[in-house]
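Full structure from sequences and hints, please.
Residue numbers (our numbering), protein chains in the order written: chain X, 1 to 285; chain D, 1 to 285; chain P, 1 to 285; chain R, 1 to 285.
Please note that the accuracy of each hint is not assured.
No farther apart than 25 Å at their CA atoms in a straight line, the calculated lysine-lysine pairs in the BS3-like style are these [as the list claims (entries may be wrong)]:
id	chain 1	residue 1	chain 2	residue 2
1	D	Lys35	P	Lys267
2	X	Lys267	R	Lys35
3	P	Lys35	D	Lys35
4	D	Lys267	D	Lys149
5	R	Lys267	D	Lys267
6	X	Lys267	P	Lys35
7	R	Lys149	X	Lys35
8	P	Lys204	P	Lys97
9	D	Lys97	R	Lys97
10	X	Lys149	X	Lys35
11	P	Lys267	X	Lys97
12	D	Lys35	X	Lys201
13	D	Lys267	P	Lys35
14	R	Lys267	R	Lys35
Since the hints were derived computationally from the structure, they do not count as laboratory data.
Listed below, chain by chain, are the residues.
There are 4 protein chains.
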Amino acid sequence: SNEFVLTFSCPQRPGIVHSLTGALVEHDGDIIELKQFDDPRANHYFLRLHFSVADASVAGADGPLRAELAQLAESYGAAWSLTAHGAPQRVLIMVSKFGHCLNDLLYRARVGELPVEIGAVVSNHPDHRGLVEWHGIPFFHVPVTPATKPDAEAKLLELVDRFDIDLVILARYMQILSDELTTALTGRAINIHHSFLPSFKGAKPYHQAYDRGVKTVGATAHYVNDELDEGPIIAQQVLQVDHTYGPEDLVAVGRDTECKALANAVKWHCERRVFLSGNRTVVLT
Amino acid sequence: SNEFVLTFSCPQRPGIVHSLTGALVEHDGDIIELKQFDDPRANHYFLRLHFSVADASVAGADGPLRAELAQLAESYGAAWSLTAHGAPQRVLIMVSKFGHCLNDLLYRARVGELPVEIGAVVSNHPDHRGLVEWHGIPFFHVPVTPATKPDAEAKLLELVDRFDIDLVILARYMQILSDELTTALTGRAINIHHSFLPSFKGAKPYHQAYDRGVKTVGATAHYVNDELDEGPIIAQQVLQVDHTYGPEDLVAVGRDTECKALANAVKWHCERRVFLSGNRTVVLT
Amino acid sequence: SNEFVLTFSCPQRPGIVHSLTGALVEHDGDIIELKQFDDPRANHYFLRLHFSVADASVAGADGPLRAELAQLAESYGAAWSLTAHGAPQRVLIMVSKFGHCLNDLLYRARVGELPVEIGAVVSNHPDHRGLVEWHGIPFFHVPVTPATKPDAEAKLLELVDRFDIDLVILARYMQILSDELTTALTGRAINIHHSFLPSFKGAKPYHQAYDRGVKTVGATAHYVNDELDEGPIIAQQVLQVDHTYGPEDLVAVGRDTECKALANAVKWHCERRVFLSGNRTVVLT
Amino acid sequence: SNEFVLTFSCPQRPGIVHSLTGALVEHDGDIIELKQFDDPRANHYFLRLHFSVADASVAGADGPLRAELAQLAESYGAAWSLTAHGAPQRVLIMVSKFGHCLNDLLYRARVGELPVEIGAVVSNHPDHRGLVEWHGIPFFHVPVTPATKPDAEAKLLELVDRFDIDLVILARYMQILSDELTTALTGRAINIHHSFLPSFKGAKPYHQAYDRGVKTVGATAHYVNDELDEGPIIAQQVLQVDHTYGPEDLVAVGRDTECKALANAVKWHCERRVFLSGNRTVVLT
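Written out as structure tokens, the structure reads:
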């Protein structure tokens with residue numbers, strides 16, 4: 001393919017778009033989609049540019065367009081990436097007993113709705129082996145006890161390495177990760193929290209929601225960081241409920257919001273639409 | 001009119017509906033709408049019954065139907081009420097500088113969407129006098145300083161009394177009420193909180209939402225009690241937002257959710273659809 | 001189990017609830033959930049009553065409670081049913097190439113979210129055999145051509161009979177059913193239409209939505225009748241979209257609305273919450 | 001102010017953004033918000049660019065930046081505009097008996113949520129004179145009968161001219177406009193239709209929705225053109241309903257969707273975010 005995606009973020013300064021599109025024009029590039037956000041509070045600039053070129057090699061490893069963009073990135077002090085459009089990211093899914101998000105991701109990946117290749121599924125329970133293997137994906141049962149946790153996390157990192165994983169998805173994985181692991185995975189691990197954060201942190205959010213009598217429940221997909229449930233939020237979904245919903249009914253309706261929030265977050269991340277900005281995200285959809 | 005609304009709530013026990021409908025049948029009553037909720041966790045029963053009778057006097061002050069229902073209420077240990085259907089409740093609206101909820105309530109009352117008579121509007125600022133008086137409603141400017149707060153609250157209670165008020169609506173009234181006042185108004189004061197509770201209690205919830213980068217904002221209408229922002233929730237409304245919304249944009253979109261959540265709560269309360277159940281509400285819509 | 005569900009619908013008349021709850025009281029029944037709707041326009045009454053009895057046999061085949069309810073039904077001219085609560089309905093799913101609704105229903109049935117037993121899956125394409133058989137459910141490939149259509153429909157009815165099917169679910173089955181078949185399945189076949197009906201009837205609704213530039217798309221689950229896309233609506237789901245969505249993007253986001261609308265309709269039907277009322281439905285959730 | 005908004009739309013061609021941002025850079029411009037859409041189906045390009053300049057005169061009537069943009073527009077065959085950011089548009093509101101949209105627009109304009117100056121309100125009924133004049137806005141009662149319709153429309157155009165009106169808002173104005181008038185107002189008249197178009201065209205859409213038993217109702221704001229209810233859609237809002245809603249209940253809940261859809265459409269139009277593209281709109285929010 002001769003389509004590429006450029007991401008570029010740097011401190012605000014006049015002339016950035018003009019410089020970047022200048023490099024494109026010079027190499028016969030044509031813009032397909034350009035999204036940008038000038039954050040007036042962070043004084044920072046974020047851009048995602050999807051473009052085509054007549055000759056794909058200009059954007060290749062040693063291509064002149066890539067070289068020129070690298071130079072611009074240096075002069076603007078930018079974080080940047082240039083990748084083939086549509087290139088799937090390799091993901092590893094972690095799951096415990098609740099399999100709805102896993103099943104949802106497997107299906108969406110299968111029909112081409114998500115630009116991912118699922119390299120492996122890891123679980124601290126054996127329950128979902130059958131489904132995962134039916135999809136032709138390797139399944140690893142890695143039990144976790146307080147004593148084996150360091151080994152289990154080492155095993156996970158080994159799998160991340162072995163399967164060349166870009167993104168780890170915690171699809172209702174019910175173990176708390178160590179600080180070492182969250183640090184190692186910074187910016188490349190997405191969790192789905194089964195509540196509308198920051199409302200109901202911690203365990204049993206649906207029971208908390210019931211006790212408080214809320215009329216709306218939701219789910220939050222966020223990057224993992226070393227503060228539990230405090231990582232930058234990528235996507236949220238909510239549903240209206242009423243007094244007839246007991247805690248277990250809230251759990252049931254919550255499943256749909258969890259599936260959708262997580263699928264959105266994974267899609268946007270893998271399409272390179274999500275930028276970190278302090279404890280917030282910029283999502284250029 | 002020969003239509004009435006019965007509310008009835010008591011500990012669960014078999015036979016309640018049968019007894020109540022028996023009293024109706026005996027007096028030629030006909031059910032128009034019956035809503036009930038058997039709460040399995042609170043072990044409590046809640047009923048709202050809208051019915052007509054051939055002869056309205058049976059449900060009047062000394063009517064035999066009313067007497068029979070009173071007897072049933074006593075035998076079941078029930079809280080109950082029997083009122084003419086559609087009879088407006090008398091409300092007093094309190095407001096500070098932000099007038100969107102006030103304007104919304106004035107309009108809905110005017111077109112008959114809410115079963116209320118607005119007896120008076122009280123504000124700690126003079127700004128909204130013109131609009132309120134244009135609607136033909138008395139307006140009272142009651143400034144509040146730390147020193148005058150007891151007097152101001154006494155004045156409020158005097159107005160509640162003078163205008164025969166059933167319900168006080170805090171429509172973005174930005175003063176914290178004393179415990180004495182919240183106690184005096186228990187179950188007959190509704191507040192609109194400009195956030196999705198319990199997420200962002202206290203001041204400046206939209207700024208908190210911005211800092212946390214949430215993708216959804218909302219508003220919560222709740223009964224006032226002596227714990228700030230902790231009263232039983234009646235209605236919530238939410239909206240999706242994104243990274244482009246600064247704090248003041250969140251304030252702006254929040255206005256629509258505040259208006260709608262508060263209007264719903266007032267409507268349901270005044271139609272006698274809301275029951276307290278511990279720190280939760282049962283809303284029989 | 002000693003829990004049962006009574007459904008009862010008949011022309012409006014005073015005293016119905018009292019009579020029915022009288023039968024319950026007499027046989028030591030206890031109400032768990034009672035929902036009713038007095039339709040003032042159709043002048044018709046609809047009730048769903050979930051209750052428990054001390055002795056399940058009173059509601060059994062020859063039980064006295066059942067006999068009494070039968071008598072009441074006759075005197076009121078009511079359509080009625082009395083079934084064990086939670087008893088799964090036997091369903092047959094029909095599908096063509098698009099498998100998202102099939103996958104969704106298989107998953108929800110598997111985790112116990114739907115009170116169904118999936119007896120068989122029938123498709124005019126072989127594609128989904130693997131997934132269906134992995135779930136341990138018989139799969140039948142029944143190709144349809146203009147010439148073989150009568151045979152294919154006969155085969156379907158034979159399967160409905162052989163697997164003792166209560167409900168046929170058309171989960172994106174892309175063949176138009178004959179009038180004979182729709183008549184044979186009246187009230188026991190649910191279709192998911194991939195648009196917000198009645199907006200975009202017929203083929204390619206997402207392309208129609210694109211051409212019209214709508215900002216909202218949706219899906220409609222309805223009972224099948226002999227007028228294409230005109231059966232009584234049970235559930236609808238909508239999503240906001242914008243100008244960036246091409247027809248194929250609308251198809252993609254539409255999938256989530258289709259899954260959810262169909263799952264809701266199936267759940268409510270199988271819980272016996274859906275009543276037909278002319279070309280409308282009453283859904284007692 | 002030294003902030004401006006450029007809108008620019010033309011057939012797709014490489015280099016457009018680069019050229020436009022080049023003109024900015026040359027005149028010390030700084031981008032505040034840039035939104036663009038490359039429509040692959042229409043092969044057309046749409047841009048809205050909010051920027052600041054050090055010296056406002058470069059974008060003034062004879063300023064060099066304006067001259068350069070004019071030249072670029074000519075070379076690209078573009079429709080374009082360059083206006084001061086935040087400059088209010090002058091609007092005229094037309095209304096009949098239902099005043100909810102009028103009241104909503106008056107309030108939003110008053111608190112600065114809409115960048116408009118309401119020049120006048122015209123109605124075929126006298127009912128809303130009091131409210132409008134309380135807001136300090138001229139009110140014109142222009143009755144319409146079949147015989148007087150041409151005169152009434154001439155009067156309207158005279159008012160549009162006299163008050164220097166940019167946009168006519170039909171806020172539940174219940175008269176059908178003549179082809180001459182719709183032609184005269186092409187692209188500068190927005191109507192609110194009280195249904196989810198294209199579902200329920202014509203009169204009494206809520207009654208149609210009731211008869212069809214839909215579970216979702218909505219409202220549609222669209223540009224007026226000479227085909228009734230067929231103009232390009234700008235905004236839609238929907239709400240879930242159920243079987244208990246009679247036609248008049250649908251009317252009541254519909255009011256909120258009408259207010260919000262119309263307010264959004266007016267806001268986006270007046271911020272110059274809406275572009276026509278055939279029978280569709282591109283809305284660069």
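- Query: Are the Cα positions of Lys267(X) and Lys35(R) separated by 25 Å at most?
  - Reply: 22 Å, holds
Hinted pair, alpha-carbon criterion (25 Å max): Lys35(D), Lys201(X). Please report holds or violated. Given that 25 Å is the threshold and the Cα spacing comes to 34 Å, the pair is violated.
| request: Compare the distance between the alpha carbons of Lys97(D) and Lys97(R) with 25 Å, and conclude whether the hinted pair is satisfied. | output: 30 Å, violated
Between Lys267(P) and Lys97(X), does the CA-CA distance stay at or below 25 Å? 23 Å, holds
| Would the pair Lys267(D) and Lys149(D) pass a check requiring their Cα atoms to be no farther apart than 25 Å? | Since the Cα atoms of Lys267(D) and Lys149(D) sit roughly 30 Å apart, the hinted pair is violated (cutoff 25 Å).
* Asked: Within a Cα-Cα threshold of 25 Å, do Lys149(X) and Lys35(X) meet the stated pairing?
  -> Not satisfied, since the Cα-Cα distance of roughly 42 Å exceeds 25 Å.
25 Å Cα cutoff - pair Lys35(D), Lys267(P): 22 Å, holds
- Query: Given the proposed pairing of Lys267(R) with Lys267(D), does the C-alpha separation stay at or below 25 Å?
  - Reply: 29 Å, violated
**Message:** For a C-alpha distance cap of 25 Å, please report whether Lys267(D) and Lys35(P) respect it.
**Reply:** 22 Å, holds
_Hint check: Lys204(P) vs Lys97(P), CA-CA at most 25 Å. Holds or violated?_
15 Å, holds
Worksheet item: Would the pair Lys35(P) and Lys35(D) pass a check requiring their Cα atoms to be no farther apart than 25 Å?
Response: 7 Å, holds
Is it true that the CA of Lys267(R) sits at most 25 Å from the CA of Lys35(R)? OK: Lys267(R) and Lys35(R) at ~16 Å, within 25 Å.
In this structure, the hints that do not hold are numbers 4, 5, 6, 7, 9, 10 and 12, in rising order.
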